[in-house]
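So the protein lines, in turn, are chains A and B.
The numbering of the first sequence is this note's numbering, which starts it at 1 and goes up by one.
The numbering of the second sequence is this note's numbering, which starts it at 115 and goes up by one.
Calculated directly from the structure, the hints in this document are not laboratory data.
There's no promise every hint is true.
Once the Cα atoms are required to be at most 20 angstroms apart in a straight line, the calculated DMTMM-like pairs of lysine to aspartate or glutamate come out as [what the hints assert, rightly or not]:
| no. | chain 1 | residue 1 | chain 2 | residue 2 |
| --- | --- | --- | --- | --- |
| 1 | B | K184 | B | D136 |
| 2 | B | K152 | A | E101 |
| 3 | B | K117 | B | D143 |
| 4 | A | K9 | B | E158 |
| 5 | B | K117 | A | D1 |
| 6 | B | K117 | A | D40 |
| 7 | A | K57 | A | E75 |
| 8 | B | K117 | B | D136 |
| 9 | B | K152 | B | D200 |
| 10 | B | K152 | A | D1 |
| 11 | A | K9 | A | E75 |
| 12 | B | K184 | B | D200 |
In case you want the letters, here they are:
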Amino acid sequence: DSGVTQTPKHLITATGQRVTLRCSPRSGDLSVYWYQQSLDQGLQFLIQYYNGEERAKGNILERFSAQQFPDLHSELNLSSLELGDSALYFCASGRLAGGPETQYFGPGTRLLVL
Amino acid sequence: AQKVTQAQTEISVVEKEDVTLDCVYETRDTTYYLFWYKQPPSGELVFLIRRNSFDEQNEISGRYSWNFQKSTSSFNFTITASQVVDSAVYFCALVSNFGNEKLTFGTGTRLTIIP
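In isolation and in its complexed conformation, chain A is listed as follows (with noise of 0.2 angstroms):
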């Protein structure tokens, strides 16, 4: 167990629809990045935030946002959602802002788009 927890674990919904996933980082973490796992694009960074700021910036949709709240849990907002957007949605906290650190994940949400 990482210490990372991530809700909802699976995810069904309909083309056009929006979703909200979320993200508690480890404790004492202050980094929390998200990732997408897809068949066709392989672990894709989207997005990190660090004690609330955005840090950093992927191949992240427009379609998409996120958000770190003051008590360090993440969201991410994905609307719009089409067929493709089926994937694995990781998030992975460290404790730092630079320099390179290990980042732990969590358990991953499984979004199916029909």
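Fit chain B to the given chain A structure using the hints.
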């Protein structure tokens, strides 16, 4: 730009055999970190090891060992006396470019241990 290549898509070995998973990386940075993660059938990503670019010493942890060679830009992972529980997808990853600490993952190697 940085890149991680895991040329072996799938490997199957019989239990108790040794197996090596290859990882080749590309980066222009002189300071970087390499990682291995394991993704068992249950789906979570489990951290295995982190190695920095200044430390080429090989590491052994139980049945696992890692061989880092800067001269060939490789960071290979060997499982000795494989067990069925080792069946998983293994990912090699790279972090460099300080200030943007995203992990760049390889495409993974699916390892199947046949009982």
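Consistency of the hints with the structure:
The hinted pair formed by B:K184 and B:D136 meets the criterion: a straight-line CA distance of about 14 angstroms does not exceed 20 angstroms. Restraint check for B:K152 and A:E101: the C-alpha separation of about 17 angstroms stays at or below 20 angstroms, so the hint holds. Annotation: proposed proximity of B:K117 to B:D143 holds, straight-line Cα distance about 12 angstroms (limit 20 angstroms). A distance of roughly 11 angstroms separates the Cα atoms of A:K9 and B:E158; the hinted pair therefore holds under the 20 angstroms criterion.
Note on B:K117 and A:D1: the hinted pairing is violated, with a Cα-Cα distance of about 29 angstroms set against a maximum of 20 angstroms. A hinted pair counts as satisfied when its Cα atoms are at most 20 angstroms apart, and B:K117 with A:D40 qualifies at roughly 17 angstroms. Among the hinted pairs, A:K57 with A:E75 is consistent with the structure: their alpha-carbon atoms are about 15 angstroms apart, no more than 20 angstroms. With a C-alpha separation of about 14 angstroms, the suggested pair B:K117 and B:D136 falls inside the 20 angstroms cut-off, and the hint holds.
The suggested pairing of B:K152 with B:D200 holds, with an alpha-carbon distance near 9 angstroms, which does not exceed 20 angstroms. A distance of roughly 13 angstroms separates the Cα atoms of B:K152 and A:D1; the hinted pair therefore holds under the 20 angstroms criterion. A hinted pair counts as satisfied when its Cα atoms are at most 20 angstroms apart, and A:K9 with A:E75 qualifies at roughly 14 angstroms. As the CA atoms of B:K184 and B:D200 are separated by approximately 27 angstroms, the hinted pair breaks the 20 angstroms bound.
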